[in-house]
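With chain A's structure known, arrange chain B on it following the hints.
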Amino acid sequence: MTAATTRAHRREADPAAQPWAGPKRPYDLVKEFVVALVVVSILTVILAALFSSPDDKQLTLAQWAKAAPNDFVATAATELDGTSGSATYGAPYTHDKSAAQKIGPLAPQNWPGVTIPIDSAQDFVVRPLQGAAVSAALQSALKQWTGAGADQQQNWASAYDTALVAVPDTDPAKIAAGDYGPVPVMMTQLLALAQSGGLDGALLAQGRFYQTDYTKPLLFLADGTYLEDLARAQQLGGDQWGMMNETGNYPGQAWLWLYTFWYQVKPFSTSGNADALVWSVMALLSLVFVLVPFIPGIRSIPKLIPIHRLIWRNYYRDVEGRSA
Amino acid sequence: MTAVPASAGETSVPAEESGGWTGWVRRRALRSFPPDQLLPDKQPIYVASWIYVFGVATIAAFIVTLASGGVLALRGPAWWHGSSVGHFVNSLHLWSVELFMAFMVIHLWGKFFMAAWRGKRALTWITGAVSFLASIGTAFTGYLTQQNLASQWVSTQAKDGLNSVGIGAYFNVLDFGQMLMWHIVLLPLGVGILVVAHVLLVRRHGVVPPFPPKETQDRAATVDDGSVQA
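From first to last, the protein sequence lines stand for chains A and B.
For the first sequence, numbering that gives the first Met the number 0 assigns the number 0 to the initial residue and increments by one for each residue that follows.
For the second sequence, numbering that gives the first Met the number 0 assigns the number 0 to the initial residue and increments by one for each residue that follows.
For the record, the hints were derived by calculation from the structure and aren't laboratory data.
Predicted, not measured: the structure shown is a model, and the values here were computed from it.
We treat Cβ as the ideally placed atom computed from N, Cα and C, and that holds for glycine.
Here are the in silico distance ranges between beta carbons for each label pair:
| # | chain 1 | residue 1 | chain 2 | residue 2 | range |
| --- | --- | --- | --- | --- | --- |
| 1 | A | Leu284 | B | Ile192 | 21 to 27 Å |
| 2 | A | Ser134 | B | Ala72 | 42 to 48 Å |
| 3 | B | Trp23 | A | Lys265 | 57 to 63 Å |
| 4 | A | Ile102 | B | Gly19 | 48 to 54 Å |
Here chain A stands alone, though its shape is the one from the complex (with noise of 0.2 Å):
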């Protein structure tokens, strides 16, 4: 028997495949669209009407500086020592492939590299800063940077950093005396430029004049708490079910329940590879969803669970009525 005739066979066989010879109701589908449409329509107006839609106002930087400084100057100096997230983030922000999460001995994060490089010090802290020397003290501080070695600049940037994390709500004003450097000087303006509103401009220009990439502005708002702590008052923390919450009492993305749910049970919930694990269970369910029709068992589900007999109710006592 060939192939071809296996096939025809089998459609022969398949009475699901063949054409509707029983009888027929007339049905107006243009009528049904535009009805739906009309009725959508309204219901959408209403909705929107009666419960508006969110719109937390956006965080700046500038608003940040001003409302938590210390959490600001503390982030600062993870910057510049390179401990903060960003800094030890891995790919595809630095070089660091040890940072990668993984999937048992894959490391997929590695695979594409560094697309989208971060220098938290350059980047963050002194760049910004070249930009807005214009006192004499800042000017100072950054030619003295500059003329160290990498070395130097690491030791002084840990110190203020240790240092800092010692103090009571890591105030700045509080930090014991050391050998930090130009950096105590590097962080005041750095906060000053901040709550001028200036660094939200400085991060997001990067020498262009037309701009809509906010990665640099983000990934440094992200690096801090004050941001989270926001987020979790809105009840947006990822053990929070964060991911499908919205701002305010709003259905948010109810749809994204599965993904969600994966990040409060163990082992995701406790796991460094939280992230991968997760996006790996949700692309084989995914797959699972779209390949269902040749999936042995799941395929057979809505046979074993009659809610057919439900849907297609007055069919079924239509025909088996006439039967008995």
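What follows is chain B alone, placed relative to chain A:
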């Protein structure tokens, strides 16, 4: 075989082969989608349930979503933050998306329990399932491009998932310009193409019929049992 009348000096061309590429496309389209099949005014008797409404309701909500998004696009992505009219249009966009996703999920569950992939309809299921996944991506990029606190938080959290599997190296959720293009051009275009393909497949193969009634199943089981015993 009919032939196109030829003038003097021309070779007679069979009608089935005339018209070049255009003719081939026309013949193929008419063969695959005869007008009565593309826009029928009758359906099998079993097409009588509220569950069928959710397919067309999904398309209707998709159109309202596209229209409200189009109005937002007229004045640009920042308009709705400073205008009460813009905010209302944004609310229309949000709620049409919520309805779109809700209708689509109900439609999907309905089709699952109908085993609507039976009878050579697997591709119809696949295009529907991929449309659902693409719609999730479209909605997600919408959240990224709201230009508010939610966008900042969603993007800085989502980057970790995408980066962890290497996608973030190319699909940078922190790049507003890139995400806006995906949200208003690429993904809606993709969803639109998938939805059109899905609907054409439904029209081509027809609405999946019910599972055989009980006595047919019982008879089939008896025959099966008999054949095993024999």
